[in-house]
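A.B. asks: Which chain is which? The protein sequence lines are A, B and C, in order. Numbering-wise, my numbering puts 581 at position 225 of the first sequence, and it's gapless, one number per residue. Numbering-wise, my numbering puts 215 at position 209 of the second sequence, and it's gapless, one number per residue. Numbering-wise, my numbering puts 1343 at position 167 of the third sequence, and it's gapless, one number per residue.
The reader is advised that the hints may include incorrect statements.
[As the list claims (entries may be wrong)] Ranges between beta-carbon positions, derived for each pair:
1. K411(A) <-> S1252(C): 41 to 47 Å
2. L628(A) <-> P1188(C): 19 to 25 Å
3. K265(B) <-> K411(A): 23 to 29 Å
4. F383(A) <-> L1234(C): 22 to 28 Å
[To be verified] List of simulated lysine-lysine pairs, DSS-like, C-alpha gap at most 27 Å:
5. K173(B) <-> K92(B)
6. K173(B) <-> K1235(C)
7. K1376(C) <-> K368(A)
8. K197(B) <-> K610(A)
9. K259(B) <-> K92(B)
10. K364(A) <-> K1366(C)
11. K88(B) <-> K1242(C)
12. K259(B) <-> K197(B)
13. K90(B) <-> K1476(C)
14. K517(A) <-> K1476(C)
15. K1230(C) <-> K88(B)
16. K408(A) <-> K277(B)
17. K1201(C) <-> K90(B)
18. K174(B) <-> K1242(C)
19. K1476(C) <-> K174(B)
20. K1297(C) <-> K517(A)
21. K1297(C) <-> K173(B)
22. K610(A) <-> K582(A)
23. K364(A) <-> K1376(C)
24. K517(A) <-> K1230(C)
25. K197(B) <-> K242(B)
26. K1195(C) <-> K517(A)
27. K1366(C) <-> K534(A)
28. K368(A) <-> K1195(C)
29. K1230(C) <-> K92(B)
30. K408(A) <-> K173(B)
31. K174(B) <-> K245(B)
32. K1201(C) <-> K363(A)
33. K411(A) <-> K90(B)
34. K411(A) <-> K277(B)
Bear in mind the hints are in silico, worked out from the structure with no lab data behind them. From a predicted model like this one, the values you see are computed outputs, not experimental measurements. Each residue gets a CB set at the ideal place from its N, CA and C atoms; glycine is no exception.
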Amino acid sequence: MMKINWKKMNEKLGFSVLRLATLVVIFILFFIIYDIVSKGISSVNWEFVTDKPRKGMTEGGIWPAIVGTFWVSLVTVIFSVPIGMFAAIYLNEYAHQGRIVRLIRLAIRNLSGVPSIVYGLFGFSLFVLMLNFGLSVLSSGLTLGLLTLPWTITASEEALKTVPMSYREGALALGATKWQTIRSNVLPYAVPGMLTGTILGLARAAGETAPILFTGVAFFWPILPKFPDALFKQFMALPYHLFIMSTQHHEIVKVRPLAYGTAFILIVLILLMNTVAIWIRYRFRKKYKRI
Amino acid sequence: MIRKCLLTVIMLSLLAAQGFAQGFIQIKGSDTLINLVQRLSEVYMEQNPETMIATTGGGSGVGIAALIADRIQIANASRPMKDKEKTAAKENGVMPYEIVVGIDGLSVIVHGDNPIGHLTVNQIGKIFRGEILNWNQVGGPDMPVSLYGRQANSGTFVFFQEHVLGKKDYSARMKRMNGNAQIVEGVLADKAGIGYVGVGYVYDDAGNVREGLKVLKVARDLDSEPVDPLNAENVKSGKYPITRALYQYVNGKPTGEVKDFIAFELGEGQKIVEEMSFYPVAGEYLEQNKKAGF
Amino acid sequence: MELKKNKLHQTPVWWRRLKEQVIEKFFLVHGMLAVLILMGIFSLLFIEGFPAFKALGLKSFFFSTKWNPTSFVQESYGILSILISTLMVTFGALLIAVPIGIATAAYIADVAPPRVREVIKPVIEVLAGIPSVVVGFLGIIVVGPLLSRLFGTSNGLNAINGSILLAVMALPTIISISEDAILSIPQEYKNASLALGANKWQTLIRVTIPSAMSGIIAAVMLGMGRAIGETMTVLMATGNAPAMPHSFLDSIRTMTATIAIELGETVQGGIHYRSLFVIGFILFLMTFFVNLISDLVLEKYQKVNR
């Protein structure tokens, strides 16, 4: 009798330890969000979002940093999404299990583990110096594009996997070629999943600092050139702005509210992208369950 | 379809890339100068909206390296260019011209509770070399010294090493902070802390020394009188031993908008230099600037 | 529609075959790009770094603790102390993240009711998405002062601070991959244990987790890879003193932070510049092998469970 009770106790205790660990993880996230939101929200207003930094960056807003982050992320997406999609189509639709596929998968997994600062080194050496793109939106965007590539491939592949085999078989049976099948019967159904992956990749790219450190980000660059021109200019970026506001600015204590405001905008932007992505995936899954 | 759009974008951007040299100045370098130059460029751009100026930090070495590679127009430096760098520049076909935009008294700061009020240059050197490990070795309380300095890419780091440490190495235990302001924050929170920063960083908004911070008086040697860097005259006259010039380097004799901008810095901009708690250019440095055409 | 179909039949078979071939090759090339990029990173780091190796020799890199490339007296490129700092802060991070991560994974996979799981999974994904610069920012402002009060040290910019932040960065990886591993254990295993009279806790501890061990090890390795390669958090919160660390309360400088701090300063093509690529190369190799090991472990356990 006693023994059984002890066993039960043990189980209860064990499960509470697990629950506690989970609560710690949840607490960490909520603490981060709570701290940033509660201290950041008071500095966020219309002017903060739409104005450029003023008075030696102790006043004004962060609009150039938002725009810079946007341009860089755009280059990232334009670069990495098509390549990621095509690679995923090869892996999921064409490739047969074999050495090449194993090699590619190995490469993808390893690429996703390469430290972001190493991508920075690579981007600096390749894009800034060798290809002579200089310190620019283009160099940074391409560097981040390489960084996000493994995720875009993986996400696109996941999306292709969810399309039922019968869709392909139907078209092939009607005499369509492989490419016709993919184009008409696979891709349209995989698009929402790919979108999810794209948005998640974008969110990652928008928050990265180390790869843009040497490839183009500026301390202060309040001008917003028109699009094609902007590609070859330096830029301000939200994560880097947060970095300098908390470590390098003239008066880091005085501008702390601005730093918190920047962190707030960055976090909100990324949470928003994450939410949209998760929502798309959720709807997408539901749809397929019904089929 | 997507690919066509992509191609168009790339073609367009390549075309557009041709004409970006006009009215565009890239400035890079010293973190001591970055906040000053950022402010200067901000005001200048308000007056001359057709000129675009990008300021980037990273340290004096960063700026000079970029100038040597001819990737920027102006390099900020809180130390003069080294001979090695001048040679490298010549090899790359870059002719650096030196301009002094302000003067800085590098102040040595400790926590406000620290009873020490002054040190000699030699003592400070020993502390940062790690030869003096406890405050009681210089007549202070018994607590281990906690060092705050800049990272090796900073001109402040190099200048201090040259003029205070006698070109010897810093103690490897010195914390390498990302910026001057972070050193101030570190020392404010650290009763055993000692650090060095540009004099502009020790003041609060009202122009008083930050509460809880103490700026040490520094004596050239045991026989001379300790000098206060907070007194502008001491710094301008060079009586304060750790006085330095703040430099900008350009490739070739400045022309066009670079010349305009530097002229602004040396004219109207000197008021901003003072606002940012540095000291305006004076004396021999004025003569030197004339050589670069100002 | 009808017309199009006719056209389809009119194109000769060889043409259609060729077209298909070309399309397939097009996709293959994009697939191979991943391999190419990996090799590109490897070779570029090697080419940029090798001259420094040649000029200085292995010994001065690996058997010296003194990293001081800008010294007036004697330039030195010993990476031992920054290497050990990196390993130390990574070890500290794993010490925190592994128990919490595995426990959380076990809870999500084995204990939590489905509805709770639906809530926690996005939480972990969002945590993975928090930018490292935000975590570093809080490391300076929140964790640092807390640590200095807790340990009575004069400042909180030290290895513990870095470890805590890195743990936060590594947790999502560890949790999600361990969770997959635990979930993949067949129900029969658990049923057998339960039928023998073990309760759910005993089953989890003695059957499920040991069976999922290889997957969990892979998860820990991947988390370790993330911690080794993280830059901004350690750059902002560890104080960056390049001395050999003696305790977790010392200020340290990691390999990643060294690159971030010094790359901009160096003269291109100089020894200092190249030595930073050597550090990058070593970092690359470290993460490469960590990933490779986790890959091999994962592959093995997938085979066993099949």
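A.B. asks: Please list, smallest to largest, the hint numbers that this structure does not respect.
C.D. replies: 2, 4, 12, 13, 17, 19, 21, 22, 24, 25, 27, 28, 30, 32, 33
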